[in-house]
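Residue numbers (our numbering), protein chains in the order written: chain B, 1 to 695; chain E, 1 to 215.
Keep in mind the hints are simulated off the structure, nothing from the lab. It is possible that part of the hints are untrue.
Away from chain B, derived, C-beta distances all over 12 angstroms, residues of chain E [what the hints assert, rightly or not]:
1. Gly26
2. Cys39
3. Leu51
4. Val54
5. Trp57
6. Met62
7. Leu79
8. Lys81
9. Ile105
10. Gly116
11. Leu126
12. Val175
13. Leu186
SDA-like, lysine to any residue: derived pairs with alpha carbons at most 25 angstroms apart [unchecked claim]:
14. E/Lys176 - B/Val73
15. B/Lys42 - E/Val112
16. B/Lys392 - B/Glu444
17. B/Lys42 - E/Asp205
Positions of the beta carbon are idealized from the N, C-alpha and C atoms, including for glycine.
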Amino acid sequence: MTLPDPPQMEIEARRRSPWRNLSLVWLVPVLAIVVSLGVVWKNYSDRGILISISLPAAASIIPGESTVRFRDVVVGVVENVRFAPGFASVIVDARINREVAATLPENSGFWVVRPVVTTRGISGLSTVLSGVYIEGDWEPVTGSSLTEFKGLAEAPIVRPGRKGSRITLRSTDASMLPEGAPVYYRGVEVGQLDVAHVSPDGGSAIVDAFINAPYDRYVTTATRFWDTSGFTVKLGPGGVDLNVASVGALLTGGVAFDSAFTGGEPLKADTVFNLFVDETAARQSIFTQTGDNALEMAIIFAGSVNGLSSGAPVEYRGLRVGKVTAINAFIESSPSGGREVKLRTTVDIEPLALGLTAETGRTEALAFLRDAVVHGMRARLTTTSIFSAGLKVELVELTDVAPAEIVEGENDIPILPNVPSDLPNFTATAEGVLQRVNALPIEEVMQQAISLMASIEGIASSKGTQEVPGALAKLLEDGRAFLNKDDTQALPTELRGAIADLRSVVADLQNRGAVEKLARVLESAEKIAANVAVTSQDFPKLVNDLRDLAAKAKALKTEDLVDKTTALLASADALIGSPATRALPGDLSNALAEIQAALKELREGGAVSNVNAALSSANTAAKSVATAAEDLPKLTAELQGLVDKANSLVDGYGEQSSFNRETLSLLRELQATAKAVSQLARTIERNPNSLLIGR
Amino acid sequence: MAHARSSQTAPLTARQAGLVACHRCGRVHTADAQKCVRCGAVLSSRDDTSLQRVWAWLAAGMVAYVPANLYPMLETTSLGKTSDSTLIGGGIELFRHGSYGIAAIVIVASVVIPIGKFMAISYLALKVARRDGASVHLRHRMYEVVDLIGRWSMIDVFVVAILSSLVQLGAAASVKPGIAALSFALSVAFTMLSAMSFDPRLIWDADKDGARDPA
């Protein structure tokens, strides 16, 4: 058997539609393409928006690697780093997530995070290993399409978007206000300082501070800032006061703030605060600075305002409520037709310090003061302290004053009524004393004294008096045994001394030096008393004493003294000017001449009768001297009394015044003279022979 | 006669002999048999959908090869710094650093072989059943090489897999496979599937055509 031929296979496969013939495997590439396209589309749609950030320097930013982060989440990658036109800065192109880029406001902050070591710590340490990155911070907005931003050179102290208030502090020295220094409120760190810079005018240092919400609502116009860095040491009555805010603040500096008074308006934009050196200065600043709504008032003081200066405080019950801004004079026509110079003191009164709110307007503050004036408030001048003659204006509430009210003066400035202070009263007292002193009949006293001097000089310079010593000399020459009379010799000298003293006193009196000295004494006493009286309540006794003294001085029988002095001088004048006294030198001369003659006769071997005659003559002379000297004890007594009176007067004034000394020495000289004359008279009376025998 | 003549110029094919071999177990059936009597596999003298599948897998492989080159193969994190390296980029970098040998291996494994495979499979699929071009024998050799070498393309993927499992030192250094690794693996897998889908018997049909048309 042969193998049958294999049947011819007719492959007439029905031509199937190419779609039916399609393999399922085609799904795989289709799927791959779909997935790829999907990935591409997703990539494209996820592709961030290219923003450009201009930075001062690239700071080792690597394109494609360095990231852009927001709140430490990577939101983009740096794609390119290029120079800005002009090579002034570097522009970093970064691709930021689409949804993040839409939230970028214009003030977005971008900076390069690098490791930074400051006194406040180390930051950015992670970038040592991972490389730098760009940190961004902003307050997200919606629908932003900005793509160009200005970067920051350094990480800002205050991140954009942080809630709080930015304020500006002004200080004279920012050396202890480093960047990032804390701001404390009641010891809690509530903010930070920005970089300090010098104000445009160069006059101060300006540092911005950021107070975090919600603490920024404690910052009002009533807030005062002070520097807490370093420490303060105060030595006061309470001992040593050492104040250190914190060791941290000691190192890093910092500022603190608190409300200096109640009220205060909320912050306005761009508020500038002064930075005070310490808390005390900050709290007292409300007394040295008046706000915008200070009420300007004028006070027209009747008396002198010597000691009141611009800037002097205006106090109300010891609390400073304002300050004196100006003192000037103006001319007012008095009703009588004359023109009068008056002194106007302009003061600024702070409504806040009076307890009114900061919003108080001028009208309301004025109304408040009007009411107070109706109830007896008045301005008054007082001294600022016991140690100074400076004055301040005090607003006092008095009950027994004449009713007054605030009236509008020039330029509609209200005029605050005032009362005379204690000060002028005291001055008036002292002035009264001085007036009495002025009214003393010093001229007459001097006239009397001058005529006395003239008389005494007349005696002294009279020929007869001058001849006495000559005759005595002759007498001594002729008979030494008889001639040794000290009293007689001393008499002219003492008289001359007395005259010289009197002359100097008279000269003093003539120059009114004494009066001025007395006035000065009284003035200084007044000043001391004024200071003592007004400033301290601890010294009323002293003031009383001084017042008593003044009263005593006033009550002193000065007129009596002067009268007596006058009378004394008059009697002295009368005594000296009496014929008997005038005759005395003549008699003495005659006696001496007779003695001389007698001695001559004795020498010539004359008779005893001559001696007797001479003795009787001497006796006569002595008798006349005695007669003349009869008045002398009286004079002495009167002088003594005068001296006593003067002493008591002087005791009242104190012992160190030159007037006192002069007066005393004069009176003592007068006393001594009188004593000497009296003694001479007595000696001659008791023993007339002594004239002859020298004992 | 005709048979004998034909078989002299070209070997007799099973199809010409009216036979069909089971693709799975190799038992020969007559051409009209539908199922293998031994293993039950569906018998077909020629795989009608072979070329379709070849093209489909090839297309998928080529699509996957695009991201494999665009995306990073490796994400190396060293001391906080992350650097990506793509297939070609890594090779070029190695070349720059002077590691020419390794650079050659990397470039051959990741670029030359896949692209060569694409080209080879495309050529085979396009030229199937045509006489022009390379000889049937060369085509068959080409197919065998493609089939054999396909798996070695996975060398890159192995490197990535080993590195990313070994280098996990936390912050100091870590290696993660990138998207390209997956894409490349897929691309290689698709290409292998493409090569496997190719029915080499189609090559012989071309030879038969050639034999049928003697000069």
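Discussion item. For lysine 42 of chain B and aspartate 205 of chain E, compute the direct alpha-carbon distance and say whether it is at most 25 angstroms.
Written reply: Violated. Lysine 42 of chain B to aspartate 205 of chain E sits at ~46 angstroms, over the 25 angstroms cutoff.
Worksheet item: Would you say glycine 26 of chain E is clear of chain B, with no C-beta pair closer than or equal to 12 angstroms?
Response: Holds, since 21 angstroms exceeds 12 angstroms.
Item to complete: Please settle this one: leucine 51 of chain E was flagged as non-interface, so is its CB more than 12 angstroms from every CB on chain B?
Response: 9 angstroms, violated
Worksheet item: Can we trust that leucine 126 of chain E is non-interface, i.e. its beta-carbon lies farther than 12 angstroms from all of chain B?
Response: 17 angstroms, holds
Worksheet item: Beyond 12 angstroms from chain B, beta-carbon-wise, is lysine 81 of chain E?
Response: At roughly 6 angstroms from the nearest Cβ of chain B, lysine 81 of chain E sits no farther out than 12 angstroms, so the non-interface label is violated.
Worksheet item: valine 54 of chain E clear of chain B by more than 12 angstroms, beta carbon to beta carbon?
Response: It is violated; valine 54 of chain E is separated from chain B by about 9 angstroms at its closest Cβ, not greater than 12 angstroms.
Item to complete: Against chain B, does glycine 116 of chain E hold up as non-interface, every C-beta pair farther apart than 12 angstroms?
Response: 20 angstroms, holds
Fill in: Restraint check for lysine 176 of chain E with valine 73 of chain B, where alpha carbons must lie at most 25 angstroms apart
21 angstroms, holds
Discussion item. Beyond 12 angstroms on every Cβ pair: is that true for isoleucine 105 of chain E relative to chain B?
Written reply: 27 angstroms, holds
Worksheet item: Does the no-contact call for tryptophan 57 of chain E survive, Cβ to all of chain B over 12 angstroms?
Response: 6 angstroms, violated
Discussion item. Verify this label for me: methionine 62 of chain E is non-interface relative to chain B, using a Cβ-Cβ cutoff of 12 angstroms.
Written reply: 8 angstroms, violated
Item to complete: For the pair we were handed, lysine 42 of chain B and valine 112 of chain E, check the Cα-Cα distance against 25 angstroms.
Response: 30 angstroms, violated
Figure legend: structure checked against the earlier numbered hints; hints not met, in rising order: 3, 4, 5, 6, 7, 8, 13, 15, 16 and 17.
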